[in-house]
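These protein sequences, in sequence, are chains A and B.
In terms of this note's numbering, the first sequence opens at residue 1 and continues consecutively.
In terms of this note's numbering, the second sequence opens at residue 1 and continues consecutively.
Please keep in mind that the hints were generated in silico from the structure rather than gathered at the bench.
These numbers come from a predicted model, not from an experiment.
Possibly wrong hints are sitting among the right ones.
Dumping the calculated BS3-like pairs for lysine-lysine here, alpha-carbon to alpha-carbon at most 25 Å [as the list claims (entries may be wrong)]:
hint, chain 1, residue 1, chain 2, residue 2
1, B, Lys154, B, Lys56
2, A, Lys125, B, Lys154
3, B, Lys245, A, Lys7
Computed list of chain B residues with no C-beta within reach of chain A, every gap over 12 Å [as the list claims (entries may be wrong)]:
hint, residue
4, Asn151
5, Asp159
6, Gln302
By construction, the Cβ of each residue, glycine as well, lies at the ideal position given by its N, Cα and C atoms.
Here's the letter readout for the chains.
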Amino acid sequence: MILMQTKAIFIDAYRELNAKKLFWLTMGLNVLVVALYASLGINAKGFTILHWTFDSDFMNTSFISRELFYKIQFTSWGVPIWLSWATTILALISTAGIIPDMVSGGTIEPMLSKPIGRVRFFLSKYLTGLLFVGLQIFVFATGCLLVLGIRAGTWEFGLFMAIPIVLAFFSYLFAFCVLVGLVTRSTIAALLLTILFWLLIFIANTGDAVMLSQREGAILRVEDRQVDVEVQERFAQKRLEQFREQDKPIPGEDDVPLPASATDTLSAVNPTLTTARNRLREAEDSVPVWQAWSKRVFLLKTVLPKTQETIALLERHLISDDELSELMKLGANQQSTDENQPAMADPRVPERVAVIMRARTIWWVLGTSFAFEALFIGLSTLIFVRRDF
Amino acid sequence: MDAVIDVSGVEKMYRRKVHALRGVDLQVGGGEIFGLLGPNGAGKSTLVKVLLTVIKPTRCTGSLLGSKIGNKSVLREVGYLPEHHNFPKYLTSRQVLRHFGAMAGVERKTRNNRAEELLEIVNMSEWAAHKLGTYSKGMRQRIGIAQALMNDPKLVVLDEPTDGVDPIGRRDIREILLRLKSEGRTVFLNSHLLSELEMVCDRVAIMVHGLMRQQGTIEELTEGQSGYKIKAGSTIDASAIDASKDAVRGVECVAEPGTNEITFKTCDAQAVQPAIDTLRQRGVVIESFGFHRPSLEKLFIQAVNEQPDGARPGAEKGKGGARS
């Protein structure tokens, strides 16, 4: 009977989706985006859109294989922009009403008077909310698989990893939406507060990226300035030896006082060393500050669902570390280090940040996010089980 | 006759403020049509929801079909039509019946056959493939009743089944109820339409302010208030009333001064004949003579007007009472 009831709940959910224009509108847009994906290409000269070729020094088959080109498109905008933003917003609009509608008078009573436990009924309903996104991603991933197979000659079934990954991402937001919908019984409140919550996560993600960039930029600057100090010290050492060979009086020794600007003999013979040391100290002072802020934001992110990192798991799955490194170098080669720019503007920073992000464990990404989701769903279930209708 | 519903001391307090049920005792036997009456806010729907696990009681002892109240598995044998139901409008009536059949644990083949059978019974076969969103209220009510019968229940609980239904539809529903009874099912009705209940119910209960005021057959409830009524063509004077009272000794007589009616509270027509003779001898023209029983409506109004200590109106949730 459990299977029969669960099947009935899912069939009903599908019929509900089927009756919604937004579901089919999103499906149509999905097909359109896949068509756009198929219209893109790459050849020896550059990248192509339909039959037009746009010459590029970097975006051509000498640097990027066709397979990698399509994978990059899929992981750089197909999933993070189309599925994670556009489809998610449309999905939230479509599903925010599931729980408020379910608990409305006249709808819930016939269901609760059936031989099904409240916990199972509620959790089944929650899962039906994920059906919208599941079906949309399935269609999108299948379309992209065909494009990759036909245009790049690679049948990358790993694209289907997008289904559980985007579903996990959506489920974090939906868990919040369900709780608000249950408490307020309002679709509008559920939708708006969920979008607000999503904005909070986005701010935390941006804050994390900024703090990490600042921290890594500061560390790189310290490393650069340490090298600079070492160069200046070697230069000062050489000058000191020249002074000794020429029997010149050495400041700080031979009763020759140090100049006011110098702190030791080396800086006395090479005044640039003092400047280099001061700049190093300055850079070293900024590192603990950014480390502390980065840690704070990391802790905040630990308790929040990791939307960005969850989506990035797909990139981890499809693009290897070597491929990523090549791509980062390709980008970094086009820029040069400028001492006058802020530390985070260092072209080596994005690669280091990307490596750190990639090094975050799947347990941290999914485990803590699912813990958040479980907490919200558990709370919602408790409210649902205890409530009189 | 085993009790299908047997509960006592049912209490429900909402948020420690609204006392919706104040210790309700209720017994409903198998195979009968039982009507629960009460004004808005009396606690009727709350009581039904407590029985069907939609609401958790503050206190309740007893059983439903032999199982403890709150036991979900027994609901396989119960059909329920809630008041103001709102079945999915995107489903056709056939889909609604099959869906709720599946939720009640009815096997696929059985529920498909049963759905067609019930659509026939509620005269909705022609509309089986149309979505509920296109139905009138009466049509939705018919589908609601069919839905309550999908699991071939032993107990059918119908909350205002004739709500929004036209007279023809009401007659059809009455026929369905009598058919259910003839099949040996127990029907529990919640309704405001006293005349409807009077026509089909074997027993009724009147609930006011969360308390069960009266319970029994209509005959039992009207006992002591029924009797033979003599109606004259004109006002009966006081001396004629006294004389007729003297003619029928040992039987309580009700007659208001200046009225043209005298009622003797007895079921024996022969015993009242001397009163008719006496009135005729005094020149009173008898217009009619017959057995009179107070209507359910009169009983209901009497029960509602008897205000118990501590009771206050508007105690039921969401039904025009204090919480609505």
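Here is how each hint holds up against the structure:
1. B:Lys154 / B:Lys56: holds, 23 Å
2. A:Lys125 / B:Lys154: violated, 29 Å
3. B:Lys245 / A:Lys7: violated, 74 Å
4. Asn151: violated, 9 Å
5. Asp159: Not fine: 9 Å to the nearest Cβ puts Asp159 (chain B) too close to chain A.
6. Gln302: holds, 32 Å
Checked against the numbered hints given earlier, the structure breaks hints 2, 3, 4 and 5 and satisfies all the rest.
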